[in-house]
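Residue numbers (the numbering used here), protein chains in the order written: chain A, 1 to 629; chain S, 1 to 629.
No lab work stands behind these hints, which were simulated from the structure alone. All residues carry an ideal CB built from backbone N, CA and C; glycine is no exception. The reader is advised that the hints may include incorrect statements.
What the hints assert, rightly or not - Here are the computed lysine-lysine pairs in the DSSO-like style, where the Cα-Cα straight-line distance is at most 30 Å:
#1 A:Lys281 x S:Lys252
#2 S:Lys210 x A:Lys304
#3 A:Lys29 x A:Lys194
#4 S:Lys304 x A:Lys130
#5 A:Lys252 x S:Lys281
#6 A:Lys304 x S:Lys252
#7 A:Lys130 x S:Lys384
#8 A:Lys384 x A:Lys29
#9 S:Lys281 x A:Lys150
#10 S:Lys130 x A:Lys131
#11 A:Lys384 x A:Lys529
#12 S:Lys304 x A:Lys304
#13 A:Lys603 x A:Lys384
#14 S:Lys150 x A:Lys281
#15 A:Lys518 x A:Lys433
#16 A:Lys322 x S:Lys210
#17 S:Lys210 x S:Lys252
#18 A:Lys151 x S:Lys151
#19 A:Lys274 x S:Lys281
#20 A:Lys194 x A:Lys274
As the list claims (entries may be wrong) - For each label pair, taking beta carbons as the anchor points, the in silico distance ranges come out as:
#21 A:Thr55 x S:Ser5: 52 to 60 Å
#22 S:Gln195 x A:Asn558: 39 to 47 Å
#23 S:Gly31 x A:Thr18: 37 to 45 Å
Protein chains: 2
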Amino acid sequence: MQRSSVTFQPEGKRVEATIDQTLFDAAGKLGVDIQSLCGGRGICGKCRVIVRSGTHSLSHTSDAEERFLSESEIRTNFRLACQAIVKGLDTIVVEVPRQSRIGQQRLLLKGLERPVQLMPSVRRLSVSLKKPSLLDVESDAGRLLRALRKKSGKELRIDYEALKTIPHAVRGGNWAVTAITWMDRELISVKPEKQSENLYGMAVDIGTTKIAAYLLNLDTGEISATVSMMNPQIPYGEDVISRISYIMRDEKNLEKMNRIVISGINELIDEACKKAGIDPKDIYDMIVVGNTAMHHIFLGVSPKYVSLSPYPAVVQSSLDVKARDLGVRMNCGAYVHVFPAIAGFVGADAVADALATGIYESEEMTMLVDIGTNTEIILGNKEKLLSCSCASGPAFEGAHIKHGMRAATGAIEHIWIDPRTIEVGYSTIGNVKPSGLCGSAIVDAVAQFLKTGMIAPEGNFQRSETERLRRNENKPEFVIAWSDESSTGDDIVVTQGDIREVQLAKAAIYTGAAILMKRMKVDFRDIKKVFIAGAFGNYVDPQSARTIGMFPDVPIQNVQFVGNTAGSGARMALLSTQMRRVAEEVARRIEYIELGADPDFHKEFLNATYFPHKETERFPNVMRLMEKD
Amino acid sequence: MQRSSVTFQPEGKRVEATIDQTLFDAAGKLGVDIQSLCGGRGICGKCRVIVRSGTHSLSHTSDAEERFLSESEIRTNFRLACQAIVKGLDTIVVEVPRQSRIGQQRLLLKGLERPVQLMPSVRRLSVSLKKPSLLDVESDAGRLLRALRKKSGKELRIDYEALKTIPHAVRGGNWAVTAITWMDRELISVKPEKQSENLYGMAVDIGTTKIAAYLLNLDTGEISATVSMMNPQIPYGEDVISRISYIMRDEKNLEKMNRIVISGINELIDEACKKAGIDPKDIYDMIVVGNTAMHHIFLGVSPKYVSLSPYPAVVQSSLDVKARDLGVRMNCGAYVHVFPAIAGFVGADAVADALATGIYESEEMTMLVDIGTNTEIILGNKEKLLSCSCASGPAFEGAHIKHGMRAATGAIEHIWIDPRTIEVGYSTIGNVKPSGLCGSAIVDAVAQFLKTGMIAPEGNFQRSETERLRRNENKPEFVIAWSDESSTGDDIVVTQGDIREVQLAKAAIYTGAAILMKRMKVDFRDIKKVFIAGAFGNYVDPQSARTIGMFPDVPIQNVQFVGNTAGSGARMALLSTQMRRVAEEVARRIEYIELGADPDFHKEFLNATYFPHKETERFPNVMRLMEKD
């Protein structure tokens, strides 16, 4: 009977919470939409809620709350959900304010894709068998394998679950059956011939933030359904490091996180099958890509050591695992093909990016930048490929930014500042009143500050002839939207601290690019093409991104935003086993550079914190445009 | 609330039975020891019980009961458990009389075995890995595989469950680890080197009546524990045909029977591990042998069609199935090697027999007879091998025999009759008062009847100068033990019907032998050795068996009782992968003869029903001895 009832508004979801449980955990159980970057450890301050009833049944204000909440907020019953612990039996009502909600995220599902020749891992073989007789008593399985060998020339083994269906299938089809084989090596399913349907496969891209899945008809190569969801692991940390920390806290958490992502994928399977009007049993193949942490958690393999220097992965070659061993609910004889990774945090998603952009067979020196909380960069051409991973942090996803938010309804996505009047214009996602800034807006803001001279190349605010630039607790901040324009009733600002976050993030990315160029012995003029991949990349203004020095200074027409190429690469490999071999080969060919081990790392990083860079000669195009304005 | 309480005496077990459930089903739920040959279909009459209380809450006497029970039995509340249906809410007390209990069965575990060179499928490879560094960030798995490749020269794949343990194992052992590999193909387990223990394997022989399991130390080849149990499927039918019928009655019954046998094996694993002081996780390999029906049910594969002409098996080549797919609780990366079968009912146990006896490399013409409810015969030498299966029925196991019982405590096992006085001597298992006749006693009885002229070669009783030979309901029967000697208080008799059962059984076996000899173009004089395998074979008197014409008339010194060679062959294959290859090759080499398809079958069978045979010239040794007596 040690339970309290907690209701979360405005969703109105109610849950029984036990004594000593936090409001954050209670919300997690219900799937209540509540932001957190740190996974409930009291260090991000994002999970603010207002307790409307039952305050005396909760723990007292914690140190963390005193750090993140103002005195007036504490007086008006603001709490951090992860710090407020249920202590008494009561009816507690909690409001989750708009800023603390994640909202309907805009999920990027499209990506650059190159055509492939249809050559799926599974194929259909129809054979007619001689009925057994007293003079020919070969077993059902032996009879079937013999006929298949005769037809295909291949020696097949039989999946154990498929074996059990053989006697019914051969008789149900009056000895005419269709066998589904995998990689010409294994018989994974047998059906009476007349029941034979299309074969389907699924490509799954497990992102830190979202999971996207594509159901493909393997007979035509067409996409039958596209589905996606927020990664259900988000309540346990918004970035991979928070999730790994969560897993390291308790041995059972790995299994918990694994089950959460597998259940999510099973939901996506059901949703896609419903859309396409097929049965999950008709899905005979699956490709999974994801960054190293998501990849490991999907496999139920500990990501702990990937987060500790020297960052070794547990496994980086591709794997074929029975769907039933993973708990993925598709055809029960089917395999899941887990993409190979390169090394450390340069994961299977980067390999899929390489596949989708074709960088590995490019004639010209090409750079591929997949921007995310971890940014992976690949530089090279068909001769040589180098890669690295940059801990760029979640600033471009709106985290660690005072009014940062995801690219969801109400987020400001683009900003422009009049260089003379310093008047600000902006656009929001969904054309509603703004409630915060998403990554592309932050990049715009910094680029505009730089162009208008509001900030110096070192990043500090300097020009002051506008009331928008003010001091708050003695720290400068710039007002993008006044309280009367915003949906939250507060001014939406960019602080000096926010600019530092952007500096660190872009410096991390540029440093990676610079060290790869150095190792490749090329400079920015040699780079003929830059691919920017990832959800963030698709909304950011390329001029702004180049202005702040996020990537080398190439002509804007040579910068191509390619979207979710991880998903595209996965789809290509789903349709073609040839592409899987290429992926494996490319993963081995791409050399991994551990940035931290490069002697120039610290110098490069420091110089890259300048906008666009301390060595301005590296950004002649940007400098020319700045002078022009 | 539709439940009655049923208590079974003398065990005192109580269960809640639902309306319309039979007493037999209620007993099955409790695991009450109650005999049945037909699996509860009312056709064997073996499941007699006495209702001590609550008779009015049971269904009325059925037709089947009127057939099997005498009027006085019906009056004194005897019922067949499978016919008495719970109809009212009451407290029902049921006594299971001694004759209806299976009792503690004598299980034959030893068998002829040939020494093999130790060459198990699993082996231990210890390697030291270089610790990862910023300049060497290969994944844990890649690092391990590379070291193993260097040491063994083999390219290994990794079991999915083993993969998950790698990061902990390599660090737990400070980068010195022991890998367990399977068939030089797959890494199935990884441990810190210092935790490395002996490797164990288990050989399992699933008999229709008993399951025997042998835990072997794969480092020394020694048996660490021997365990056995009655096959827990027995309540669903004593012979394979009853069990197959039970499975055919309802689709769910296959899964039920499969789970029952797997649970039984898991119990044996636990018991053996406790005896040997090891953990089930230390068991890295398992060999399973059994007749075709047991083999199929173990795999969860329908045995339905094996029981219908032309009797095709679902699978007859050997299989390696992950223990976790089968639900067998041993090391979770381990495989179960299921032995190959020959064809039809000549199953994996016959292949194991061949392995243990070495018949496949014999210089001399040899016959191997594995006597059971189905009897398998192999005839040949290193040049050529033929096999067949004979539906000999369960008579030699005491079934279909009026006072027949298994070889359990209280069973008469040997009988001798004074040819002049017709006085009977007998010995019982456990030296207690007799309660019935086991197979060896029945064979003795018939042989003695024949020698003393009590029966004619056609099998009918003929001599009548003894009060032991009498008529009961107008049918002749011979009293072996008088009521005052028996533990049941009834006379123990051999009826004319019992002799007919023996005639059919021995004719079935001899016909198989005869047709194989014909196909091999040899006669009884060419056969230099007869191996008799199976539990029954070990207790039967060879003279008696030959006298009734159960097998060809070879000199008694050339008949060798080899015991449970199915178990021995399984142990040999557990210790040596070379033996597995031999088994596979032998299974393919042994030609299967479908007796029913031979034009001489009916004539041969009819002639073989005579004792010892209609063509007495085929039994010169027996005839000579008969004349001498």
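30 Å Cα cutoff - pair A:Lys384, A:Lys529: holds, 15 Å
Holds or violated: A:Lys130 to S:Lys384, with C-alpha atoms at most 30 Å apart: holds, 27 Å
Pair hint outcome, S:Lys304 versus A:Lys304 [Cα-Cα no greater than 30 Å]: The hint is violated at about 51 Å.
A:Lys151 paired with S:Lys151 [C-alpha distance capped at 30 Å]: Between A:Lys151 and S:Lys151 the Cα gap is close to 40 Å, so the pair fails against 30 Å, i.e. violated.
Given hint A:Lys29 paired with A:Lys384 - CA-CA distance at most 30 Å: Distance ~48 Å between A:Lys384 and A:Lys29 Cα, so the pair is violated.
Verdict for A:Thr55, S:Ser5 (Cβ pair) under range 52 to 60 Å: holds, 55 Å
Pair hint outcome, A:Lys274 versus S:Lys281 [Cα-Cα no greater than 30 Å]: Status violated; Cα separation ~42 Å.
S:Lys281 paired with A:Lys150 [C-alpha distance capped at 30 Å]: Status violated; Cα separation ~41 Å.
Given hint A:Lys131 paired with S:Lys130 - CA-CA distance at most 30 Å: Given pair S:Lys130, A:Lys131 is violated - Cα atoms ~58 Å apart, limit 30 Å.
Holds or violated: A:Lys194 to A:Lys274, with C-alpha atoms at most 30 Å apart: holds, 23 Å
Satisfaction of hint between A:Lys433 and A:Lys518, Cα-Cα up to 30 Å: Given that 30 Å is the threshold and the Cα spacing comes to 46 Å, the pair is violated.
Straight-line alpha-carbon gap A:Lys304 to S:Lys252, limit 30 Å: violated, 44 Å
Violated hints, listed in ascending order, are 2, 3, 6, 8, 9, 10, 12, 14, 15, 16, 18, 19 and 22; each of the other numbered hints is respected by the structure.
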